[in-house]
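As you go down the protein sequences, you meet chains A and B in turn. Counting in my numbering, the first sequence runs from 1 upward without gaps. Counting in my numbering, the second sequence runs from 1 upward without gaps.
No lab work stands behind these hints: they were computed from the structure. Everything numeric in this text was worked out from a predicted model, so none of it was measured. Just so it is clear, CB atoms sit at the ideal spot from N, CA and C, and this is done for glycine as well. Errors might be hidden in some of the hints.
Stated by the list, open to error - No more than 20 Å apart at the CA atoms, straight line, and that leaves these computed lysine-lysine pairs for PhoX-like:
1) K288/A <-> K352/B
2) K356/B <-> K289/A
3) K288/A <-> K192/B
4) K445/B <-> K288/A
5) K288/A <-> K28/B
6) K288/A <-> K189/B
7) K286/A <-> K426/B
To be verified - Which residues of chain A face chain B? A few of them, derived with a C-beta cut under 10 Å, are:
8) V131
9) V280
10) R292
Stated by the list, open to error - Footprint (simulated), chain B over chain A, 3 or more residues, beta carbon under 8 Å:
11) 156 to 163
12) 167 to 180
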Amino acid sequence: MNRLKNIIAAGVLMMLALPVQGQEWLVPEKEAATSNPSEYTLENVKLGKAIYTKNCKSCHGDPGKNNPLALLPVPVDIASEKMQANSEGALFYKITNGKGVMPPFGSTISENDRWLLVNFIQNYSPGREQVLLVLPPVKAKLLASVNEAQGSVDIMAEFEDANAGYVPLLNAPVTISAKKAFGNMKIGEAETNDQGRAIYTIPANTMGDEQGYISLVVSLSEEYEAAEVILDNALVGSPKEVPGLIRKGVLWSTNSNVSLWVLISYLLSAGGAWMVIIYVIVQIVKIKKYSRSL
Amino acid sequence: MQKIESPEESRKALNKIVSDLTRSITLKDELTRFWFFILIMFAGVGLWGWTLQIRNGLGVTGMSDYVSWGLYIANFVFFVAISLVGLLISSVLQLLKISWAKPVSRAAEQIAIAAVALAGIIIVMDMGRPDRLLNVFLHGRFASPIIWDLTVVSTYLAISVLLFYIPLIPDLALMHERMGPELPTWKRKLYKVLALGWHGNDKQYKTAYHALRVLMILIIPVGLSIHTVTSWLFAATLRPGWDSTIFGPYFVAGAFVAGCGALIILMYVYRLRYGLKDYYTDMHFDRMGKLLVLVSLVYLYFNINEFFVPVYKMKLAEGVHLKTLFSGGYAFMFWFAQIVGLLLPILLIQLKFFRKPLPLSLISVVILLSAWFKRFLIVIPTMEHPFLPVQNVPDSFHHYKPTSTEMMIMLFSFFAALLIISILAKLFPVITIWEVAEEQGIDKKYLSEKSNSQ
């Protein structure tokens, strides 16, 4: 029964999606003919990649890996033929204006940055020389330990060389992050020295939990295939001040938080009423007593 | 009334009073049995509904994330409301020395005891885990209106029972002395124990009067707080329709209307069933009718005040709430309660004809019905309109619809309340015998005499 429902639902969704998919995304000729003012260089492509990672990757996925978010219509992989069929100007126009599920970025990404994005997309163009090469990741090892007295992290990195032996990894960027409920938050970056070592001092104002503990995550960049090092409960942060969830003296607050006037009013009125009730019961006992003293 | 002088006349009059007023106890016919059968059966069906709810949890009710107070709480407020008639009749009117209220006061106390007892039970029935009831007492929070409510409900119940009991003591002694084989032995024994060896000497009367007076004064603040605190359960919560400073007096005024209505119906039933025409006279109904108009006018005033101010402002959330009341899904209930249940009775009872027993009782039935509607309207529409919009929830969460289990449990509360009143009427006279005798000028010394009519 459920399966049948799913099939029907999927069918309906496809019907809805068909007209969207069937339509061509037309770009005005003039816009399509605009050329990219920023130069196609490695530096610009790298900058474009950073912007892509931040704004586009969540839907379009990794270039060439065909792993977009399951939306309708499906976001196109930027390394695909369909994407690369667009001219520079057309790419810029589409990023700027958006269509349907694709949001317009005209107001959120600057013009220069949008052209940098175009540069990055064109890194995968068959008509261009690929300046930013994606090499298979190098196997690496990462070691890290916390020096709580200094408030720093000692890091050592090695990578596998051609002889399958591990040698120190020199001048490589290492990212230090804090493990948070919804992912890692980057604290800073260090670079290994000529011995493959690095010392990263945690900034003094980094906030930890109520006691100042931070769970640190030390990782190498994507170019290396290395397990990240997780340093749980390192006492290197400043304690977080947690305000009490229940303010003093609000309605429904706990007994330890109750305002004095509420407590006194309650006890006096309830106690007073019951004292009088007890007094009346004593009178009833007296009635009983008086029956004997006739 | 002419004062009765001679001992013969006094004894004769007293015999008549006793036989009239104990009719509710001695009456043994098919109708009584049938009535108790009906009450116990329906109360039992309702209790079965509760066992279903205990077994399957509160999920069997129509309450959900947004409407978490449903029929039960509306019903609770209704019962607290009608219990307030005890305060009005057997304390305020007595302290004001209004003599016609004397024979009515025991019926008022019966209603008070039954209603406030059921109010307490309904709260337990609204709990998801009634087995954890004790925790409310062990870990209750003094800042929580729920604890205040629990306190006033139990205090009011204790005072109502005492206020029922103390005027009963002389009657118990009298019945024990005078009534013979028409009573089963256990009843006579019960009377003997409860009569506390009452001889009717001066000291005993003095102590009883004193205790009564203390209770009558005590019940005024406690009675007012029981309904004020019940209103604070709502008013202390930030929601459209509840965020009001006059909720306390507004509830109290409404309670007097509902309670008077309930009392008039009960008086009429007693008068008809136990032949009490000489005790609940047309005059009593006439006065009750006038009292009803008075309290209804006060309630009308509070209603106008309660609705006029927010209607004038029509703030966003408040406006949505008011629109559903005035012209939305609750419009029929709302206008029925306001026009048929409040305005029309005020106008009609001004006419002498409608203060006669039967018409007044019929009007009271309508008043009681609309009083229940009103409590429903206070609780549920507000729950459906929180300040933050209701989003991304199943459609059924938007509107509250009571389930059959809830109806069953509500049925239980009504039949259990009637059962308590019926048992009290079956055990004890519905009108205070010695007060009536005193009123007719029969000397107290005859009260403690053994009956010579047998």
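Against the structure, the hints:
no., hint, in the structure
1, K288/A <-> K352/B, "violated, 47 Å"
2, K356/B <-> K289/A, "violated, 46 Å"
3, K288/A <-> K192/B, "holds, 12 Å"
4, K445/B <-> K288/A, "holds, 19 Å"
5, K288/A <-> K28/B, "violated, 32 Å"
6, K288/A <-> K189/B, "holds, 16 Å"
7, K286/A <-> K426/B, "violated, 28 Å"
8, V131, "violated, 46 Å"
9, V280, "holds, 5 Å"
10, R292, "holds, 7 Å"
11, 156 to 163, "violated (count 0)"
12, 167 to 180, "violated (count 0)"
When each numbered hint is compared with the structure, violations occur for hints 1, 2, 5, 7, 8, 11, 12.
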